[in-house]
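Peer 1: Using the sequences and the hints, build the whole thing.
Note that the protein sequences, when read in sequence, are chains Y and S.
Sequential numbering from 1 applies to the first sequence in the numbering used here.
Sequential numbering from 1001 applies to the second sequence in the numbering used here.
Hints in this document: simulated from the structure, not taken from any laboratory.
Any given hint could turn out to be false.
Listed below are the simulated DSBU-like cross-link pairs for lysine-lysine, each with C-alpha atoms no more than 30 Å apart in a straight line [said to hold, decoys possible]:
id : chain 1 : residue 1 : chain 2 : residue 2
1  : S       : 1069      : Y       : 71
2  : Y       : 82        : S       : 1067
3  : Y       : 116       : Y       : 48
4  : Y       : 116       : S       : 1032
5  : S       : 1006      : Y       : 116
6  : S       : 1069      : Y       : 116
7  : Y       : 48        : Y       : 74
8  : Y       : 179       : Y       : 116
9  : S       : 1032      : Y       : 179
10 : Y       : 74        : S       : 1006
11 : S       : 1032      : Y       : 71
12 : Y       : 74        : S       : 1067
13 : Y       : 82        : S       : 1006
14 : Y       : 11        : Y       : 237
15 : S       : 1006      : S       : 1069
16 : Y       : 82        : S       : 1069
17 : Y       : 116       : Y       : 74
Just so you have them, the derived chain S footprint on chain Y, three or more residues with Cβ under 8 Å [said to hold, decoys possible]:
id : stretch
18 : 30 to 44
19 : 131 to 137
Don't be surprised by glycine CBs; every beta carbon is placed ideally from N, CA and C.
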Amino acid sequence: MMSNSESMILKGGSVLVTGATGDIGRAIVNECVSAGAAVFAAGRNDGKLSALVNQYESRVIPLNYDVTDEKAVKEAFRQIQKQQNQPDVGPLMGLVNNAGIMHQAPLSVSTMDGLKAQLNINFLAPYQHMQLASRLMARHRHGSIVNIGSQVGEQGSSGLSAYGASKAALSGASRSLAKELAVVGIRVNTVAPGFISTELTAHFDDEARQEVESRIAMRRAGRAGEVARAVVFLLSKQSAYTTGHVLPVDGLFYP
Amino acid sequence: MNNQQKLTQTFVQALGIAEEQVSDGLTYNTIKQWDSTAHMILIAELEDAFDVMLDTDDIIDMSSVAKAKEILARYDVQF
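Peer 2: Printed below as a string of structure tokens:
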């Protein structure tokens, strides 16, 4: 069993988590707070953000903004820039680009608007977040960025070409930025979940779920907490020599 | 410490150069210490020292000490 000091692996700093009110986002917030970090929780739903604040009190600072609104993103980072100086918050040492959307559609009926929406949320928004977060982290020559990719982006999946492209773009940028930012002490990694039981997969009926699970070596869907623990590992010094890596959290999935 | 001194010290620390080397004419990529990595650190240190968040266009444009002063003036930092 880990001692309390060993489990507080993010103590003394803060982490920005986008998409913080979804199932995986909430699990990431929970694990980050448990590991000792103050969390800037970014989302769009005031009620859900308030629930997070009520649950974790001063350890969670809510940020309500649209991740695709460049001006709003910059204002959010301006707020982080100011609040990270508070002793109970601490410098921004982690960014988790978790906000994302998935539209399933075969090529013949995929719309350009659908493609652009997924690229905007799943790739362009994380890119701007990495740009701004890296500047705050560079001051301390220390930071860890974790992007939530997907095994669909790594391996492809029929009917998910636009989503897969957006996630592949993200992991591609992560690998390059890992090389670019290593000199200023910033690591960049990707967590690639497989089929995870969340609100995004809740519409799968039993038959569809069984079909997907038959393509998972471990024969079950993943849990949000399992993704979150991989994220915290990559945020922490426990992975201090790991960068530019894509970590599957998928039970060995063939999408 | 006035803003000019603060600016000079920021360049000294970010680029690892002597105070005497910091002049308005000092330009990006003309000394080996001011390379792309140092530029990133310089931007981070300037934002910290003057409590501002620079636009990307301004970062691209910040090619000399003189230009840094001109850009920071737009963020209400007077020299």
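Peer 1: Now tell me, hint by hint, if it's right for this structure.
Peer 2: Hint check results:
For the given pair, residue 1069 of chain S sits about 24 Å from residue 71 of chain Y by alpha-carbon distance, which is consistent with the 30 Å threshold. Note on residue 82 of chain Y and residue 1067 of chain S: the hinted pairing holds, with a Cα-Cα distance of about 25 Å set against a maximum of 30 Å. Taken as a hint, the residue 116 of chain Y and residue 48 of chain Y pair is honoured in the structure, with Cα atoms around 27 Å apart against an allowance of 30 Å. Under the criterion of a C-alpha separation no larger than 30 Å, the hint pairing residue 116 of chain Y with residue 1032 of chain S is inconsistent with the structure, at around 41 Å.
Under the criterion of a C-alpha separation no larger than 30 Å, the hint pairing residue 1006 of chain S with residue 116 of chain Y is inconsistent with the structure, at around 44 Å. Proximity of residue 1069 of chain S to residue 116 of chain Y is assessed by CA-CA distance (about 39 Å); at most 30 Å being required, the pair is judged violated. For the given pair, residue 48 of chain Y sits about 22 Å from residue 74 of chain Y by alpha-carbon distance, which is consistent with the 30 Å threshold. Pair hint residue 179 of chain Y plus residue 116 of chain Y holds up; C-alpha atoms about 27 Å apart against a cutoff of 30 Å.
For the hint linking residue 1032 of chain S to residue 179 of chain Y, the alpha-carbon distance of about 20 Å falls within 30 Å, and the restraint holds. Between the alpha carbons of residue 74 of chain Y and residue 1006 of chain S the distance comes to roughly 25 Å, so the proposed pair stays at or under 30 Å and holds. A C-alpha spacing of about 35 Å is found between residue 1032 of chain S and residue 71 of chain Y, which places the hinted pair above 30 Å, so the restraint is violated. Among the hinted pairs, residue 74 of chain Y with residue 1067 of chain S is consistent with the structure: their alpha-carbon atoms are about 23 Å apart, no more than 30 Å.
A hinted pair counts as satisfied when its Cα atoms are at most 30 Å apart, and residue 82 of chain Y with residue 1006 of chain S qualifies at roughly 19 Å. The hinted pair formed by residue 11 of chain Y and residue 237 of chain Y meets the criterion: a straight-line CA distance of about 11 Å does not exceed 30 Å. For the hint linking residue 1006 of chain S to residue 1069 of chain S, the alpha-carbon distance of about 11 Å falls within 30 Å, and the restraint holds. With a C-alpha separation of about 22 Å, the suggested pairing of residue 82 of chain Y with residue 1069 of chain S holds against the 30 Å cut-off.
Between the alpha carbons of residue 116 of chain Y and residue 74 of chain Y the distance comes to roughly 21 Å, so the proposed pair stays at or under 30 Å and holds. A count of 0 residues in the stretch 30 to 44 of chain Y with a Cβ less than 8 Å from any Cβ of chain S is obtained; the coverage claim is therefore unmet, three being the minimum. Look at the stretch 131 to 137 of chain Y against chain S: 5 of its residues bring a Cβ nearer than 8 Å to a Cβ of that chain, three or more, so the hint holds.
Of the numbered hints listed earlier, those contradicted by the structure are 4, 5, 6, 11, 18.
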